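Student: One-letter residues, chain by chain:
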Amino acid sequence: MSIITVEQAIAWMKKINEKMQENKDQLTALDQAIGDGDHGINMARGFEAVVEKIEDTDYDSVSDVFKSAAMTLMAKVGGASGPLYGTAFLKMSVTTQGKEVGSSQFQQAIRAASAGIQSRGQADFGEKTLYDVWYQVADFLEEEVVDQWGGIVEVCQATIEDTREMIATKGRASYLKERSIGKVDPGSMSSFYIFESLADVLDWSYS
Amino acid sequence: MSIITVEQAIAWMKKINEKMQENKDQLTALDQAIGDGDHGINMARGFEAVVEKIEDTDYDSVSDVFKSAAMTLMAKVGGASGPLYGTAFLKMSVTTQGKEVGSSQFQQAIRAASAGIQSRGQADFGEKTLYDVWYQVADFLEEEVVDQWGGIVEVCQATIEDTREMIATKGRASYLKERSIGKVDPGSMSSFYIFESLADVLDWSYS
Amino acid sequence: MKKVINHPDHVVEEMIQGIVTAQNESLKRLPKTNVITRSDAPIQGKVGLVSGGGSGHEPAHAGYVGKGMLDAAVVGEVFTSPTPDQVLEAIKAVDSGAGVLLIIKNYTGDVMNFEMAAEMAEMEGIQVEKVVVNDDVAVEDSTFTTGRRGIAGTIFVHKISGALAEQGASLKEVKRIADKTIENVRSMGVALSSCTVPAAGKPSFSLAENEMEIGIGIHGEAGIERIPMQEADKIVNILMEKILQDIDYVKSDAAVLINGLGATPEMELYLVSRQVQQLLQDKEIETYKTWVGEYMTSLEMAGFSITLLKLDEELKQGLKAASQTLAFPVSYDK
Amino acid sequence: MKKVINHPDHVVEEMIQGIVTAQNESLKRLPKTNVITRSDAPIQGKVGLVSGGGSGHEPAHAGYVGKGMLDAAVVGEVFTSPTPDQVLEAIKAVDSGAGVLLIIKNYTGDVMNFEMAAEMAEMEGIQVEKVVVNDDVAVEDSTFTTGRRGIAGTIFVHKISGALAEQGASLKEVKRIADKTIENVRSMGVALSSCTVPAAGKPSFSLAENEMEIGIGIHGEAGIERIPMQEADKIVNILMEKILQDIDYVKSDAAVLINGLGATPEMELYLVSRQVQQLLQDKEIETYKTWVGEYMTSLEMAGFSITLLKLDEELKQGLKAASQTLAFPVSYDK
Ligand SMILES: Nc1ncnc2c1ncn2[C@@H]1O[C@H](COP(=O)(O)OP(=O)(O)O)[C@@H](O)[C@H]1O
Ligand SMILES: Nc1ncnc2c1ncn2[C@@H]1O[C@H](COP(=O)(O)OP(=O)(O)O)[C@@H](O)[C@H]1O
Ligand SMILES: [Mg+2]
Ligand SMILES: [Mg+2]
Ligand SMILES: [Mg+2]
Ligand SMILES: [Mg+2]
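Protein chains in written order, with our numbering: chain A, 1 to 207; chain B, 1 to 207; chain C, 1 to 334; chain D, 1 to 334.
Hints should not be assumed to be uniformly reliable.
Stated by the list, open to error - Cross-link-like lysine to aspartate or glutamate pairs, in silico, EDC-like; alpha carbons within 20 Å at most:
| # | chain 1 | residue 1 | chain 2 | residue 2 |
| --- | --- | --- | --- | --- |
| 1 | D | K2 | C | E209 |
| 2 | C | K242 | C | E286 |
| 3 | D | K2 | C | D233 |
Worth flagging that the hints you see were computed from the coordinates, not collected in a lab. Model, not experiment: these values are computed from the prediction.
Make the full structure from the sequences, and use the hints.
Tutor: Spelled out as structure tokens, the structure:
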């Protein structure tokens with residue numbers, strides 16, 4: 001049984017865009033604290049372009065929706081987050097190509113996205129990057145039954161809180177060394193919005 | 001009878017320097033309002049150098065003290081006020097050369113200084129410059145008996161107040177046109193300190 | 001006041017030391033003066049060009065000393081014209097017998113100090129001529145008042161008269177082309193924030209978060225009016241309107257100088273340049289060449305000025321000639 | 001936020017238009033891209049040099065495009081690395097068959113985007129090499145972390161590898177000398193005030209009236225520490241100590257770059273230069289040449305960086321070679 005349809009994939013992208021626009025200033029402020037102050041701007045620009053692209057296109061498959069998102073993010077975001085999110089959605093597209101997206105396909109897609117981020121960014125788990133969120137989400141989806149997937153939101157929230165206590169060793173925040181402690185990683189926060197949007201669109205219940 | 005001796009001329013220069021140092025910020029603030037904000041700095045630098053020069057030198061005549069002042073101001077002040085005050089003291093030096101400085105010599109000296117300022121700066125009376133003060137002082141000294149010369153301070157004060165209401169047509173303040181009204185001319189203010197110092201040093205009584 | 005300085009009283013001296021140690025191949029300082037000359041001055045048979053003024057306008061004027069432009073720059077205290085003795089030293093150092101041209105920005109102080117130096121030099125038998133640059137259309141042009149200020153347009157005067165002098169022209173000829181440049185150059189500026197004279201320690205004026213000063217002077221002298229901040233294109237339109245109505249540029253060629261006053265990012269200067277180009281195109285004024293950068297600054301002031309020079313063939317030749325200077329290099333055609 | 005802009009979203013587009021209209025003789029824009037190239041690109045037989053990064057660092061990098069330096073600059077959003085498709089366009093536009101060298105500043109984003117472009121270009125049969133500049137000694141050099149940032153030292157890499165490429169050297173050779181330059185160049189900066197990303201509308205950080213940030217990054221990234229303001233010479237000493245302890249410059253020749261971050265008056269940069277010269281003299285390090293100005297800015301940030309390049313004969317030749325670029329011109333010896 002497919003857990004995500006073409007329409008839902010499209011709705012997911014639109015929901016992400018909404019959240020990025022809403023939280024643009026918050027993400028930028030987080031990045032001002034430990035980076036260079038453009039993460040919200042980057043996400044808002046990127047997902048706005050994704051939605052524009054998607055509204056202009058007819059889709060037969062979830063994979064194609066992900067591919068559009070990937071290519072658009074790659075071409076419109078730049079910075080660190082552009083190639084990372086671009087890679088993530090590209091891996092999801094490749095993994096789901098020619099398939100209905102059932103729960104196991106989705107698990108594999110997120111696992112592939114996570115691995116793609118890791119190989120592109122060369123960050124390991126615990127380095128205070130958005131990889132932390134994707135890694136945890138991939139684990140969670142493999143461990144939990146579909147009915148419990150609403151828990152993804154809590155997993156993300158917890159991971160974000162974990163990043164707060166970490167010393168960044170990758171990305172711009174790493175220059176701060178110990179002074180990065182106490183601040184949430186902006187990329188982890190935007191990843192949170194991505195998965196929160198998913199839970200919203202798929203009506204996964206969460207508290 | 002000499003009204004100003006070599007010692008008094010030296011004391012005059014020292015007193016001017018004291019007043020310029022004390023009022024440096026005020027003069028600069030006046031110049032910030034309608035000029036370029038350096039008049040106090042210029043006066044403080046100039047008269048400090050005058051005093052240094054004078055302390056290094058032995059003088060036989062009042063004329064030589066004025067000449068030292070003139071040359072030092074010319075070489076250390078710059079801007080509009082440097083050549084103007086330099087010219088003023090030079091004219092006073094030339095006028096008093098080879099003479100004891102009695103009241104009529106002093107009248108002539110100030111008249112010559114005033115004329116020198118006028119020809120150097122091409123400003124007429126009423127253009128809101130330091131020339132206004134020198135012109136009024138020259139008139140006053142010619143009109144009043146020596147006993148009343150303490151009134152010089154009031155004359156200067158009144159002239160300064162007059163400059164407040166004028167539209168500047170010479171110097172930097174002229175760029176402001178009508179907006180220069182309401183502000184005292186910085187050069188007139190420094191000229192006030194010059195004559196106030198004179199009254200102090202010569203013990204002219206004033207209220 | 002946040003400044004990278006040691007002591008306000010030493011700023012000018014230490015800056016001069018910094019300039020001559022950094023540029024020791026091309027520039028030298030006359031001993032015990034605040035005069036910076038070409039290291040090969042005086043040049044035999046060449047008219048000497050001297051300019052200068054208060055400091056705080058860097059790269060003006062030392063950045064324009066070199067082959068094809070000035071022979072010497074006289075450095076005054078911050079925003080304060082240099083004194084006659086210093087100008088005289090410069091004149092003497094660059095005169096090779098062919099005479100010296102003084103390029104003065106039109107401020108009472110500069111004019112008086114340079115004039116006095118000229119008088120002294122003439123007493124020493126040196127032929128001296130002077131020109132007074134007054135390109136700032138923000139100020140009314142009148143013989144009864146101080147008249148217009150000299151601002152960034154001065155750079156074009158340095159360049160064009162410097163080119164002719166380098167070719168061996170006579171003092172009279174060099175003065176003629178300097179005057180011609182002055183007749184054809186107009187500028188106007190705007191400030192978004194004040195500057196702070198180091199020895200004053202406080203900003204020269206203050207602007208509200210939403211205000212700008214149209215027609216600002218390069219020493220922070222007042223402009224025409226304070227108005228609310230606007231879009232870049234609109235600010236440009238305001239300045240260009242004043243400039244274009246002052247002389248008739250239509251159907252002629254013009255050189256453009258977009259000058260940052262100190263704190264304006266180069267990014268923004270290029271936005272200004274873009275709109276200037278568009279306006280010129282609309283008016284059928286052909287842009288001969290555009291310079292964008294910091295040429296005549298006001299310490300850390302935010303803002304910019306626009307300069308337009310109306311060109312004929314002779315002025316173009318002057319702009320095109322090679323110049324080996326730090327701030328206005330023009331390379332040799334190969 | 002007081003900026004001379006029309007709309008935060010249009011800043012980069014309008015800046016590019018401004019650059020190419022102002023410099024239309026020497027620069028051109030690849031249609032529908034944010035890539036600026038030499039107007040004569042590609043040059044037959046010459047290795048192509050491509051650099052770029054986020055905008056807001058002007059004159060970097062378009063100001064270094066021209067004969068003797070870069071063939072193309074790729075312009076990203078403000079402080080945001082350009083995307084791979086743009087870099088790919090640049091690579092394709094400058095490749096004449098001799099291959100292309102990418103000069104990347106060491107930021108995760110820049111490295112990833114340029115690498116992806118390189119992968120794509122290779123798939124299209126173009127030979128691509130890359131070097132990563134990491135001159136900022138404020139940041140710890142470690143293979144486990146992101147490592148050092150690339151800042152103003154990048155300009156020397158452009159210059160020296162550009163000179164060799166212009167002579168017709170092979171891609172391998174050009175990469176070798178770029179790497180050698182990187183090995184020998186070190187920099188460090190300090191901020192006195194923040195910058196404001198136009199789309200953010202708020203300063204990236206804030207410093208108290210009496211504070212400065214030692215070791216600031218050119219995107220406003222944090223430095224090593226915040227300390228009270230000091231005299232110019234002391235600030236210079238702090239930066240120079242870190243730079244000089246990183247590689248051994250003693251008894252060698254060095255090139256010096258004093259770089260203003262955007263709002264620091266040139267006057268102050270020369271005070272910095274002066275003290276740098278004094279320290280180098282004390283350490284018996286010979287200054288080969290000094291550049292003072294704005295080379296790699298951070299919008300309107302107040303502050304500066306110091307760059308020291310340790311030289312051998314080959315690197316000197318690279319610095320000396322002619323360059324026809326806006327922001328780093330070197331004239332032909334006559
Ligand atoms: N090497 C990396 N691996 C994974 N994620 C990274 C890496 N470097 C940075 N990031 C993520 O990117 C985010 C910053 O994105 P953004 O601000 O858009 O780009 P930039 O840092 O280039 O300005 C960080 O918060 C972090 O989560
Ligand atoms: N043409 C002039 N004639 C007489 N006095 C003048 C003239 N121009 C300016 N001044 C005087 O000089 C004063 C300014 O001196 P200062 O600030 O030291 O020089 P600058 O204007 O060059 O900065 C003015 O307040 C005015 O009194
Ligand atoms: Mg960022
Ligand atoms: Mg003044
Ligand atoms: Mg002044
Ligand atoms: Mg960024």
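Student: Among all the numbered hints in the text so far, which are the ones the structure does not match?
Tutor: Those not satisfied: there are none.
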